[in-house]
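Following the hints, complete the assembly by docking chain B onto the known chain A.
Note that the protein sequences, when read in sequence, are chains A and B. Residue numbers for the first sequence follow the working numbering, beginning at 1 and rising by one. Residue numbers for the second sequence follow the working numbering, beginning at 112 and rising by one.
By construction, these hints were calculated from the structure, which means they are not laboratory data. Do not rely on the hints blindly, as some may be mistaken.
Unchecked claim - Calculated pairs, DSS-like style, for lysine-lysine (alpha carbon to alpha carbon, straight line, at most 30 Å):
# : chain 1 : residue 1 : chain 2 : residue 2
1 : B       : 997       : B       : 930
2 : B       : 930       : A       : 71
3 : A       : 58        : B       : 144
4 : B       : 144       : A       : 80
5 : B       : 801       : B       : 744
6 : B       : 997       : A       : 71
As the structure is a computational prediction, the values presented were derived from the model and not from experiment.
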Amino acid sequence: MDKKSYLSHSEAVILQAIASSYKYGFDIMDISGLPSGTVYPALRRLEETGLVESRWEKEGVAQRAQRPSRKYYELTRVGKEALAEALKRYRLLDRLMPRVPRSVKPSTERG
Amino acid sequence: MSDRRSKNILKPHLWLIRIIGVFVPRRLRADWKQEWQAELQYRELMLADWDKLIWSAKLDLIRRSLGAFWDALWLQPRRLEDEMFQDLSYGVRMLLKRPAFSAVVILVLALGIGATTAIFSVVNGVLLRPLPYPEPDRLMTVFSAPEKDSAMSINTVTGPDYVEWRNQCHSCAEMAAHTGAQPGNLTGGAEPDRVRVGRVTGSLFATLGVQPILGRAFLPEETGRLLFNSDSATTGNTAVILSYGLWQRRFGADQAIIGKTVKVEGDPCAVIGVMPEGFNYPDEADVWLPVALNPKRNNAYLHVIARLQSGVTPAQAQAELTTIARRAAPEAADNNQAPGVNVVPLQEHLVGNVRPSLLIFLGAVSFVLLIACANVANLLLARAATRQKEMAIRAALGAGRSRIVRQLLTESLLIGLLGGGLGLLLAFGILNLLLAAAPQEIPRLNSVGIDRWVLGFTLLLSAVTGITFGFAPALQCSKLDLNSTLKEGGAQMIGGIARHRLRGLLVVAEVSMALMLLIGAGLLLKSFTRLRETRLGFNPGHVLSASLTLPDADYPTTAEVKAYYQQVLTRLADHPEVQAASIVNALPLGKNGARIQGDLMVEGDAEHRPGAFAGKLAISPEYFRALGIPLLKGREFNERDTADSPGVLIISEALARRLWPDGDALGKRLNIGFSGETWREVVGVAGDAKQQELGERSSPAVYQPYSQVLDSRRWMLGDLTFAIRTTIEPQTFAETLRSDLQAVDKQLPLYDVAPMEQVIARKVADPRFYMLLLGSFSALALILAAAGIYGVISYAVTERTHEIGIRVALGAMAGDVLKLVITQGMKLVLAGLAIGLGGAFALTRVLTGLVYQVSVTDPITFTVISLLLVAVAVLACYFPARRATKVDPMVALRCE
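The shape of chain A in the complex, shown without the other chains:
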C-alpha cells in the first residue's frame, strides 16, 4: 500500500492519537498539540485514503447533554498497519501520548 509510506509526521501523530483512544477532533488536537486547521484536513485525507473511518456518536448520549452528536474516528485495518509502519520511522511516537484510561473517556463519562 502506497498510502502508508507517504504518511506525514502529523498524520502519524493523528493516527497514534486515535489508536490511543483520542477519537474526537478536539481531543486529537489537545493531545497532539496540532491546530484545528491541521487536524481536520488531515482527518479528511486519512478518511479518504481509507486509514480511518468515522461514525456519529449515539443520538441519545448527545441529546441528554443538549448538544449535537459528535463525530468520532477509528483506525481501519489498513490504518493500523500504516501506523505500525510509521512507528518504525517515528520511534518516539508511541511514547508521545498516554492511552486514555477507560474511566475518563470523554463520551462515556458524560453518557
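For chain B alone, coordinates are given in the frame of chain A:
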C-alpha cells in the same frame, strides 16, 4: 433548549462555523457543521457556559473555530469533483439520448482535430523536435559569406579556411567539415551495394557528440590533413565507419566486423567502427570516409559544423570567426574580396527551407479546424434552442447562471475530448498517408511520429476546441428569460434573434475561411497544371533511365571509362527492342551526375560575352534520338568523332539564339571554358530541353561527345546515366540492361533505374504533394461549410414554418418561397464571400514560393473558385428551400 439556542446566537465561535460553512460544498455542509458545532459545544460544556468562560478559553474556542476555515478550504476540490461528475454523467446521458446528433458532432470535430494533429506531428518532428544529439542548441553550421550580404549567403568553405577556423576559434568547442553524402558503390562480399558515402573530418562525431557503438571513430592522423601535392585528392581511404542500418542489413550485425575489409568505390577500406542506430548525418549517410582537405584557396567545397562553447552565442562565434577569416584575407583575394562568416543554428539550416511551407499547411489545417468548430457550435446552438426549456426549469429550480454555463461547457468539453480521441485515431491514418506521399526532399521525416508532445497538443486542442465551440451556445442558453421561456410557445421568439445573428455570423466565418482555402488550393492546382503542361523539349515516353558509377580505383583513366561505355553501348545496340541507346553525364530533370554549368568563350571575342553561359553535357551519339530531342540544324555526333578527331559541339537553340541572334551558329567555334580546352566547332543545333527544373525559363546547353572529353576531366564521366529508347515497356528492359552490364563488369551496381516518365513525376512530387494536401483540406472545408449553410437554413425553415404557412395562405407561390429562403442563405454566403476574397488577397501571398507561372492573386482562380462556392451554397440552400415550398398552410397554421 430554546434558551440555549438563543444564547448560541451570541457565541462568536458558533457564528464563525455558520459563516465558514457557507463555503463547504452543499452535499457535505450539514454533516460538516454538525461535527464542528458538536465539538465546540461539547468543549464549552466541559469548561463552563460561554458567559462564564475566562478570556483565554474564549479565545481558544475562537481560534479553534477559525481552523474550520482551512477544513472548508480543503473540501473545495470535492465541490468541483462532485458537480463535475454530475455534469459529466449528465453530459454522457445527453449524448446517448441523441446518438445521431452526437455522432455527427464528434465526427466533424474528429476530422478537424485529426487533420490538425497529423500536420502538427509533422511540424513537431521536422521543425520543433531538437536534433537527436546532446545539447543540440550549441550545434551550428558555419558558412563563408561575402561581407556585403552576409546574412543571406550560405557558401561552402575552403580547406585552408576550415583549418584556420578550427585551430584559432575559441568560441567553438569542436568543429568539423564534410562534403555531404554522395551515392557510391560498396563491394566485396555478396552483391554490389549502392550506399551513400559521407566524407567527413574525424572531428565530426565528437562535434555532434555521438560515439560509435562498436570500434572507434577516426583518429586525427586518418583525417583532416591538407593534401598539398595532389589535386584530385585521394586520401588512400584506409578506414571506414558503417552506419547501424548498413551493418544490420548487409553484415548481419556481425560483432566481429571491426578490422574486416570492404571496398568503397573500389578502394579497400578497413572497418574501424559502427555508429549507433539512427545516426546518419550528413544526408542519410550509410558509410563514412575521411574527407580530403584540398589546400587550394579557390576551391570551396566543405560544409562546416561547429559545437559552440557553452554560454557562447552564435553572434559571438560569428564575430570571432569573421576576425579570423579577415586575418587570412590578403592571401584569399582571388576568392572572396572581403570574407565574412555566417553562423546559423544547425537545425535552422537543416529545416529552414521547408519551414514556410509546413507553417502554411499548419495554418491551412487550423482553418479547417476552425470551420469544424464553427459547424459544431452551430449544431449546438440549434440544439440549445430545443433545450431552452430544460435550462429554464433548471434555472427555476435554483441553478445559477454560472452553474448552467459550467454544465454546458462540461458537455462541450466532453464532446471535444471524444472528438479528440477519435481525431487521434484518424491522425495516425492521415499521418501514414502523408508520410507515404511526402516528397523525400522534406528533411527529418524519419523523426515524425505521434509522441508525447503531439499527444499533449491533441489533448490541449480538444479541450480548447471544446471550450471554443461550447462557449457561445452556453452563454446563449444561460441568458434566457425564465418567464417567457416557461410559457408554452414562448421559446421560439425569445433569444431567437441573437441566436440567429450568431449562427449567421458563424456561417459567414465558415464561408470566408473555406473560400480562402479553396483559392489557395485552386492556385496550387493551376500552378501544378501549368507545370505538367510545360514543354519538356524531349519525349519521355518509352525511355528507360539508369545510372552507373565507375569507381576511380577500377577505372582510373578517362580512356578506360570511355572504353567501358563503348563496349556496353555496342552490346545495347544489338537488341532489337532498342531504338537508340545513349549515355549522358546529367540526365534532363534527373538528379545524378556532374551537373556542370559555366562560362563559354566565343572565338573572336576580346572578352567574355554576357550570356555565354550554359549547362555542359557529355553525350554519346544516339542521345538526341534516345530522348527525342529534335536536331534543328547540322548533324548529330557519330563514331568518327573520336578523341583524336577535331573537337565538335552541338548547342541548344536557346544558346544559339543568345550567342548569334541573327546569324547561323553552324561552323562557329567555342571554347567550353575548362582549362586546357581548345576551340571546338559547332556542328549542330538541338531543340531546348528542360535540364534542371520544369519551371526553368531557358535551358542553354552545350553538348560534347563523351569520346572527346579531355583526359583530365575523368570526373565528368564518373557518374553516367543511360537513356535508352525501347519499343517495349521501358521498365521491362531493365533486366537486359543489367545482364549486359554484368557481362562487361560484374562489380558495378546499376541504380536509379526508372522510366523517364517517372523521373519527371518525381520532379513534380513536391508541388503535387502540396497541391493534394491543400486540395484535401479545402475539399473538407467546403463540405463542412456547405453542411453549415444547410444546417442553418434548414433550421430557419423549420422555425419559419408558421410564417411561410401564412405567406402561402396569402397566395405566395412556390417560387416566392424558394426565393425567400435562398435569399436568406445567400445573404450570409455573399457576406462570407466578400470577407473571404479580402482575406485571400491578403493571405495567398504566402504561397508565392510555391506557385509556378501563376500570380497569387490570379483573377481567374479567384472568380472560378468564388463561383464554385456560390454554386455549392445555392445547392445547400436549395434543399431546405424546396422543403419550405411544400409547407401546407393548414398544417403550419394549426401547429401553432
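Structure versus earlier hints, numbers of those that do not hold, lowest first: 2 and 6
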